[in-house]
Amino acid sequence: MNDNRKITINPITRLEGHGKVVIHLDPDGNVEDAKFHVTQFRGFERFCHGRPFEEMPIITQRICGICPVSHQLASAKACDAILGVRIPDTAIALRRLLHMGQFIQSHALHFFYLASPDLLFGWDSDPEQRNVVGVIGAYPEIAKKGIRLRKFGQGIIRALGGKSIHPAYAIPGGVINGLAEKERDDLLTGFSPSYDACYTALDFIKEWLEKNRSEIKRFANFESLLTGLVDDAGCPDMYDGKLRIQHSSENTRVEFDPKDYLNFIAEHVEEWSYLKFPYFKEHGFPQGCYRVGPLARINMADALSTPKAQAELLTFREKTRDGLRGSTLLFHYTRLIELLNCLEAAEKLLQSEAICGTDIQNRASVSNNEGVGVIEAPRGTLIHHYRVDKYGVIEDVNLIVATGHNNQAMNQSVGMVAKEYIREGRVREGILNRIEGAIRCYDPCLSCSTHAMGQMPLHVQVYSKEGQLLVQLQRD
Amino acid sequence: MNGFQNAETGNLWIIGYGNRHRRDDGIGPQVADRLKLRFGGAGGVNMVSLHQLEPELAEDLKESTGVIFIDASQEPLTGGCSFRKVLPVSDMREIVHSLTAGALLGLTQLIYKRCPPAWMVSVEGSDFGFGEGLSEAAADNANRATLEIARVIRCGLFTTTFIQGLPA
Chain A
1 MNDNRKITIN PITRLEGHGK VVIHLDPDGN VEDAKFHVTQ FRGFERFCHG
51 RPFEEMPIIT QRICGICPVS HQLASAKACD AILGVRIPDT AIALRRLLHM
101 GQFIQSHALH FFYLASPDLL FGWDSDPEQR NVVGVIGAYP EIAKKGIRLR
151 KFGQGIIRAL GGKSIHPAYA IPGGVINGLA EKERDDLLTG FSPSYDACYT
201 ALDFIKEWLE KNRSEIKRFA NFESLLTGLV DDAGCPDMYD GKLRIQHSSE
251 NTRVEFDPKD YLNFIAEHVE EWSYLKFPYF KEHGFPQGCY RVGPLARINM
301 ADALSTPKAQ AELLTFREKT RDGLRGSTLL FHYTRLIELL NCLEAAEKLL
351 QSEAICGTDI QNRASVSNNE GVGVIEAPRG TLIHHYRVDK YGVIEDVNLI
401 VATGHNNQAM NQSVGMVAKE YIREGRVREG ILNRIEGAIR CYDPCLSCST
451 HAMGQMPLHV QVYSKEGQLL VQLQRD
Chain B
1 MNGFQNAETG NLWIIGYGNR HRRDDGIGPQ VADRLKLRFG GAGGVNMVSL
51 HQLEPELAED LKESTGVIFI DASQEPLTGG CSFRKVLPVS DMREIVHSLT
101 AGALLGLTQL IYKRCPPAWM VSVEGSDFGF GEGLSEAAAD NANRATLEIA
151 RVIRCGLFTT TFIQGLPA
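Note that the protein sequences, when read in sequence, are chains A and B. Residue numbers for the first sequence follow the working numbering, beginning at 1 and rising by one. Residue numbers for the second sequence follow the working numbering, beginning at 1 and rising by one.
Hints may contain errors.
[What the hints assert, rightly or not] Straight-line Cα separation of at most 25 Å, DSS-like style, residue types lysine-lysine; simulated pairs:
#	chain 1	residue 1	chain 2	residue 2
1	A	LYS206	A	LYS144
2	A	LYS182	B	LYS36
3	A	LYS144	B	LYS36
4	B	LYS36	B	LYS113
5	B	LYS85	B	LYS113
6	A	LYS308	A	LYS319
7	B	LYS62	B	LYS85
8	A	LYS242	A	LYS281
9	A	LYS242	A	LYS308
10	A	LYS211	B	LYS113
11	B	LYS113	A	LYS163
12	A	LYS206	B	LYS62
[To be verified] So the derived list for chain A, only partly shown, Cβ under 8 Å to chain B, looks like this:
#	residue
13	ARG148
14	ALA159
15	LYS163
16	ARG218
[Said to hold, decoys possible] Selected chain B positions facing chain A (in silico; Cβ < 7 Å):
#	residue
17	VAL48
18	GLU56
19	ASP91
20	GLN109
21	LEU110
Derived from the structure by calculation, the hints contain no laboratory data. In this text, a Cβ means the ideal position worked out from N, Cα and C, and glycines have one as well.
The following block holds chain B by itself, in its conformation from the complex (with noise of 0.2 Å):
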């Protein structure tokens, strides 16, 4: 577990957002929770379980070196989850009630001239319904990207300069 204690791992965030209260929908927060339990209390690395991603976090994110965003997919996957590359939007009419990731990182962009790479965990949920607990099908697919993301996390492949295992 050196690898994210490495010089070049910074200041990583991990973001896992969603509602825990609609079953699927917290898959996000769940595998943040998860990361958490391995990872927690160690350097360099910052994991965040949220309802909902909000403008402050644009203060966070302005001195970051990269940021893994987590969310619930209701589209299905291969292989129940999916990653890839999540770019600023410079459409600011996206700043709405619930904030986007691509709005998230077009504010931080807006207010401190510059905005970390990111990229987008899609994890497949299938009972977005009332109540808590991931189905049975989510909590495999959760568990699919807590262990990606841990290996991501445990070998050091988050740099400022190379990302392996992710979509450039």
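One chain only, chain A, in its complex shape (with noise of 0.2 Å):
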């Protein structure tokens, strides 16, 4: 391929982990081909053999330094599965507030120190402001709510779990500690500047949309399969309940016992990247290709399950029912709704009487050689699956990490993106940076979300600069 016909983007900014973009030319300049490349590598799954059980949560949340909670959780519903224990009432209510502080600073971070740059400035702005900093120049009190906001959540997770980053809380079987009554009056203190952030943002997103419809209809907008866990009345749940697979538009739904995963789903491997792509094997390969997270969630959810969250999902489907859905920029004003929706299901369990009682954990033995934990994580669906021997020892390690489920997505995003805004080779900033863009909604995790060795088909070519072919290398 000649150099001069690829365009590649590296590194991709303003998300976490490591990936760069390669976009294909035909000789008349028009896009032919763009990839989304995922260049880190982890090997969470393999190095994880051996292991007790017991310790896989401690492990397992140090994949990431933005989602630890979420792998915490997901690992002590499998370690769960395997001691064959339901845990006591607290513990569920303390897991579920642990995870509400995650998704809380999770979603503030991406949405004002991440997000907003592009959507307060513009995507062709000047890059030297197109960035946080640029935010908190122009944009203080929009800054200082964010702050505020991300540091509720994360005392939330500090309140629990000690400390923001990889907190010692959830174990097998319950948790580590109580709450006492006092750090719940601090908590609940938190709220009313927490929902005043939170509607700002909400505001801001509603007029963004109505300035920017056409741009938002024609960036990356289709149909899709959407994938999440939602509750008997059919709203997303973030910790447990069935998992739904559904078409965006057509009538296929279909809802299951998450521990079932691996008769649903299956994950396809391309040798350009260690990210791996999930698929509904019903449908096949690239056809049951699903997309997780806030669009999906929010697409997909028959209700909310809090009353100013289910008030501002009507109004986005009042705002967004001219075909403008499916588009990929909408991540952004569906991750608020579930802000949103998370504050006030924080605010309830700590408003209930379970929250601070003392009966945490529930001791068993091992008693199935499989457990499967399955949660919402910010980004999307997070899936934790081992298999131990009788001593419970890790044989096996399988991880279906949310960034994963969206890979195909996301390379299809980025194709559209690219394709939409690139004609007859002219290329200029801010079009790279709508296709970085594009990732950036998903709110990728790439360092979660590459975590596999050992069975990973790898092709490496080596050309001279003329463009010979050196030596070629294959492994499968």
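From the two separate chains plus the hints, produce the assembled complex.
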């Protein structure tokens, strides 16, 4: 391929982890192909072999520094299944509260720190200003609210787990400690400014939507399968429930117990990325690829479980009824609706009687040689699946992470945006920013999503500077 | 122990940060933990042990009367620890994954238009490998740093107008 017709964006900015985008142009300068390459490699699925299963919540939460709680909770649920226990109601409430703290801080981080520069200044604005520092300078009140909101979410995590990054909290059978009444009361004082910050963001995003309807409609707007956990009422449930896969417009819907995910979901591997491609088996690859995360959860929700968020859901559906709902840019709007939902859910948990209870752990021995734990992380569905021997020693690990579920969708979004904006070889910085922005919408966590070793097809080609193939190596 | 309770002590923040799982890199949080045992629950002094500095601390620091950061140093230091003034940085390109003390102060200044006086207490470490707990030499240095910071707090030496015992 002639290098003059290849555009590379490396690294992609304002997202967690490392990836690159390579765009191939045809001789007329139009986009022929575009790929999102994940260049990170971690190995968790392999090096956990031989560890006692009880260590997994502590080990796997270190996959990531942004969403450690998600991994810890999914892992703890998988360990609960190995023990064969139902954990006490107070422990469930406390885990849910920890989870809501995670959602609040993660969604606040993404909107205010990572996404807002593009939304506030515009895709084509000066890159020197189009960052969080620029936001602080030009919109200080918005910046302050974002900091306060993220701090509140981290405060919930810290109150329970002792620290905001890699807290030690959820364990097999329950949690490590309870919540004192004074700590609960302190947390309850933080909701008023947090709702204020959330509504500031929601008001902004609605205004932004009205001003940018045309671009939103053509920005990686496509129908797809959607996946996420739902409760019995069809509301997204971030901690538990049935796993639902449904199409955004066709009459396709299936719901199943998450522990049976392998009957419905498989993973495809491509040689050019360390990130695998999960898909719905019934539809095969790539037709069975689906989206997860805020856009998926909100679009497939029958309703939302809290009143303020439910009202915003109805507003969102009214504002997007003219063919906008598949637009990748609407991840930003739906993320804020979820943020409101999680604030309300956290407040309700803190007001519940169970939250300061003292029955926080059930103990048991290994009862099953297999455990699956599934939750909704801020970025989407997270699956931890362990197999152990009779002593509880890990023999096999399978992790399917939110960003992995979105891999095909991210590639499709990159391709669509590239083809929409690159014509006749003309590329300017704002267009490259839009391509990065297409990935950024998904709030990908690339550190989480690359984790297997030992069975990875790898194709290495070495070319001379004249373009001659010198050596080729392949491992299946 | 009355000095730190006087009106001039105000709202002092002691922030020890570092990775406890990399041996002597955990000096910062360990010193903060020890100070918490001595002064925890008392008014006017906030002691925090962190893995790393976070932008959200800016909201706490905006109203503080002063900050003492505590971190491990890989460089040799006379007496095993050093004290130096920290100024806010104005180049915000330092706001990356891991925030420096100067960048945090710069962020505080940028957002809230004020920034407290701040000092860095660097404590010499020697073993930064994987593992928990301080090496013997680092533990001695941490003890010295703890005693010195405790002296500053106890004597109410930390005021908004005049600092004794710390570099101006």
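Verification of the hints:
Note on LYS206/A and LYS144/A: the hinted pairing holds, with a Cα-Cα distance of about 20 Å set against a maximum of 25 Å. Between LYS182/A and LYS36/B the alpha-carbon distance is near 19 Å, which keeps this suggested pair within the 25 Å criterion. Our distance criterion of 25 Å between C-alpha atoms is broken by LYS144/A and LYS36/B, whose separation comes to about 29 Å. A C-alpha spacing of about 30 Å is found between LYS36/B and LYS113/B, which places the hinted pair above 25 Å, so the restraint is violated.
Between LYS85/B and LYS113/B, the direct Cα distance comes to roughly 19 Å. Compliance with the 25 Å bound is thereby established for this hinted pair. Straight-line distance between C-alpha atoms of LYS308/A and LYS319/A comes to about 17 Å, which keeps the hinted pair within the 25 Å bound. In summary, the hint linking LYS62/B to LYS85/B is supported, as the alpha carbons are separated by about 18 Å, within the 25 Å threshold. A threshold of 25 Å between alpha carbons decides the hint, and for LYS242/A with LYS281/A the separation of about 18 Å falls inside it, so the pair holds.
Pair hint LYS242/A plus LYS308/A holds up; C-alpha atoms about 24 Å apart against a cutoff of 25 Å. With a C-alpha separation of about 32 Å, the suggested pairing of LYS211/A with LYS113/B is violated against the 25 Å cut-off. Note on LYS113/B and LYS163/A: the hinted pairing is violated, with a Cα-Cα distance of about 28 Å set against a maximum of 25 Å. Our distance criterion of 25 Å between C-alpha atoms is broken by LYS206/A and LYS62/B, whose separation comes to about 32 Å.
The restraint placing ARG148/A at the interface with chain B holds, with a minimum CB-CB distance near 6 Å, inside the 8 Å limit. Checking ALA159/A against chain B: minimum C-beta separation of about 14 Å lies over 8 Å; hint violated. At about 7 Å, the closest approach between the beta carbon of LYS163/A and any beta carbon in chain B falls short of 8 Å, and the interface hint on this residue holds. With its C-beta approaching chain B no nearer than about 33 Å, ARG218/A sits outside the 8 Å limit, and its interface hint is violated.
Interface restraint check for VAL48/B: the shortest CB-CB distance to chain A comes to about 10 Å, outside 7 Å, so the restraint is violated. At its closest, the beta carbon of GLU56/B sits 4 Å from a beta carbon of chain A; the interface hint therefore holds under the 7 Å criterion. A distance limit of 7 Å between C-beta atoms decides the matter here; for ASP91/B the minimum to chain A is near 10 Å, and the interface restraint is violated. A least Cβ separation of about 11 Å between GLN109/B and chain A goes past the 7 Å threshold, and the interface hint is therefore violated.
With 7 Å as the threshold, the beta carbon of LEU110/B comes within range of chain A, its nearest partner Cβ sitting at about 5 Å, so the hint holds.
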